[in-house]
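The listed protein sequences correspond, in order, to chains P and X.
Each number in the numbering used here comes from the position in the first sequence (counting from 1) with 1 added on.
Each number in the numbering used here comes from the position in the second sequence (counting from 1) with 21 added on.
Source of the hints: derived by calculation from the structure; they are not laboratory data.
Treat the hints with care, since some could be wrong.
Stated by the list, open to error - As a list, the in silico SDA-like pairs of lysine to any residue whose alpha-carbon atoms are at most 20 Å apart:
id, chain 1, residue 1, chain 2, residue 2
1, X, Lys-207, P, Glu-224
2, P, Lys-151, X, Asp-192
3, P, Lys-240, X, Thr-126
4, P, Lys-238, X, Gln-213
5, X, Lys-99, X, Ser-115
6, P, Lys-240, P, Pro-204
7, P, Lys-148, X, Tyr-201
8, P, Lys-148, X, Gly-190
9, P, Lys-240, X, Ser-219
10, P, Lys-151, X, Gly-184
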Amino acid sequence: MSEPITLVLGGTGIKGIASIGVLQSFYNHSVNIKKIIAAGISAPVSAQFALGKNPDTLTDEFTRFFGENYRSLWGLEQLSGLLRSPKRPLAGSFSYFLRERTYCQANFMNAGVLSWELIEPQIAQFFGNYSFSDLKIPLAVSVIDLKQGKNILIQQGKLNDCLKASMAFPGILPPVAVGEMELVSSTIFCDLPLDNIAKDDTPVFTIDMPMPFVGDNPRTLLEVISIVDDISSRAIKEKLLAGTDYLFRLEGMEKFRWGDYHEVPEIVRQARIETDRLLEKTNLP
Amino acid sequence: MVENIQQKRLFRNQSRICSKNLVQVTNLRNSGVNHFNLFRHSTEGPAFLRSWLNEAVCDVAALSKSIQSNRNNIKALKILFDEKRFEDTKIPFSAIATDIMAGETVIIKRGKLVDGVLASAAIPAIFPPVVRGRRVLVDGYVLANIPVPQLRSQGADFIISVGLLELPGPDYQNGVDLLYYVESLKQKRLEQWAIEQSDFHISVDMSQFDSSHFENYLTAIEKGYRTAQQVIPQLLEKLEKVHV
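Start from the sequences and build out the full structure, keeping to the hints where you can.
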C-alpha cells in the first residue's frame, strides 16, 4: 500500500467515463486514495467507487443508456466531432447544418439541448438516497456556482443533485439549483478540477485525458466558438497543472471525442491499460 | 523633480492626442458606416423581432462563420488610419490577435495598421476571422485580453495594465447567455494572471456599460479618462520609486 494521495479526475463529456478504468487500475495497484476531487462524468464514477461499489457496473449502465436513448441524443456525437471531417459530402453537410441549427435554436429557446428528464431517473437509481457522508473515500465535486461566478467544491449534502450539477455542461444540459446555488459543470472552464485544491500533506495525483487540438480554418460560427473555447480552456489548464505533484497524461484518450458515447467500453479499457502502464513506471510516494 | 515635470508634460501631450482621436471617432457617425446593432435589438426589441432575429442568427450560425461581415470595420478603420503603418506610430505600438490554427497569441507590429487592428478586433462569432497567410486570426482577448507577457517579451520594463472587463450578471435567459457567462469567467481568470505580472494596474469601473451597447462610448471614454486622472499621482510615485 502506498502513501495516501489526493486523486484529481476530470475529462470533457463522455471522456470522463475513462475514470472507471483509472480507478480500477489504482485499486489493483493498491494505491491508497485519501480523497478524490472530480468534475464532469468523473464525479458519478468516483461516487460509485467511493461508496465501495465496483465502478465497472457503470460501464454497462452507460452503454445501455446510450443504446436506448440514441434518438434523443441525436447529433451530439456529430457535434463533438466538429472539424474532424475536412470534406463532407453534400448529404453530410445538410445533416450537419441541421444539427448545428438545432443546437443553436435549443440554446436560444432553452438553457440547453437536452432536458434532465432523460438522465434524472438513472442518477436517482444509483445515488438517490446517498449523501457525501455515506462515502468511504471523501469526495469533492467541482462545479461552477453561477450566482457567485466562481468554481467551488461541494463535499457535503445529498449526492444526487451535486452529481447532476457536475454533468450540467452549459449548452447541453440546464443548470441545477442546489439550495441558494445555481450550478453547472466546471469542465467547460477547465476539464480538470484543479482550481480549488487546498494543499495538504498528501501529494496530488492528476489524471489528464487530453483532447487533440484541431486547429483548422472554421466554416461555421459554431466551429469558431468551439475552437476559441478550446484555446482558452487549454491556457487555463496549462497554468493550473503547475500545482499538481504527479501528472498521468493518458495519451491514448486523444483519439476519443467528448460525444463518443458508442465507445464507452473501449474508453474504459484503454484508460485501464494506460494507467496500469504508467503506474508500473512510477515510483509511488 | 525635472523628470516629474517631463512626465506630467508627456501625459498632457497624450491627452491631446486622445482628444484628437476622439474627434476622429465621433466623425465616423457621418461617414456612412452602418451602426445597426443586431444584439441590441435581439434583447430589447419587440417579441416578434427578437424571435425573428433569433431564427436568423441560428441560420447564420449554421451556415456562416460570423453574424456580421468585416465590411464596416474596414471602412471605419480606413477612416481612422488611412494607409498608416505600425512602423509610423510615434510610440511603439503592436496589436494582439489569436491564431486559431495554432492556438496561440500573435503580436502584430509590422504592416498596415488597418490590417493589424482589424484582426485584433475580430470578435469571434461576431466578425469573421481574418486570414493572413497560414494564420487565421481573431481578437486577441481569447488568450490575452490584457497582454502583459506579450509586452514584457518586447522589452517593456514598466507595464501599466488597464482592466475593463466586467463580468455579466449571473441571470440568464437561455443557453447562449450561460455559455457567454462561463466564457467571461475564463477571460477574467486569464486576465487576473496577466494583471499579477504588471507593474501598475488601473481598473476602470465598467459595470454600468454593456459591451453590446455601442452608443455609450463617449461616456465610457470619459470614465476611462477620469479614472486615469485619479490614479496618476500614485503612478508617478511608483515610477519615481523604480526610477523608470
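Hints and how they fare:
The suggested pairing of X:Lys-207 with P:Glu-224 holds, with an alpha-carbon distance near 19 Å, which does not exceed 20 Å. Annotation: proposed proximity of P:Lys-151 to X:Asp-192 holds, straight-line Cα distance about 14 Å (limit 20 Å). Annotation: proposed proximity of P:Lys-240 to X:Thr-126 holds, straight-line Cα distance about 16 Å (limit 20 Å). At roughly 15 Å between alpha-carbon atoms, P:Lys-238 and X:Gln-213 fall within 20 Å of each other, so this suggested pair holds.
This hinted pair checks out: X:Lys-99 and X:Ser-115 have alpha carbons roughly 17 Å apart, not beyond 20 Å. Of the pairs offered as hints, the one joining P:Lys-240 and P:Pro-204 holds, with about 18 Å between alpha carbons and a cut-off of 20 Å not exceeded. For the given pair, P:Lys-148 sits about 15 Å from X:Tyr-201 by alpha-carbon distance, which is consistent with the 20 Å threshold. Proposed proximity of P:Lys-148 and X:Gly-190 is supported: the alpha carbons are some 9 Å apart, at most 20 Å.
Taking the CA atoms of P:Lys-240 and X:Ser-219, the gap is near 17 Å; set against the 20 Å cutoff, the hint holds. Taken as a hint, the P:Lys-151 and X:Gly-184 pair is honoured in the structure, with Cα atoms around 19 Å apart against an allowance of 20 Å.
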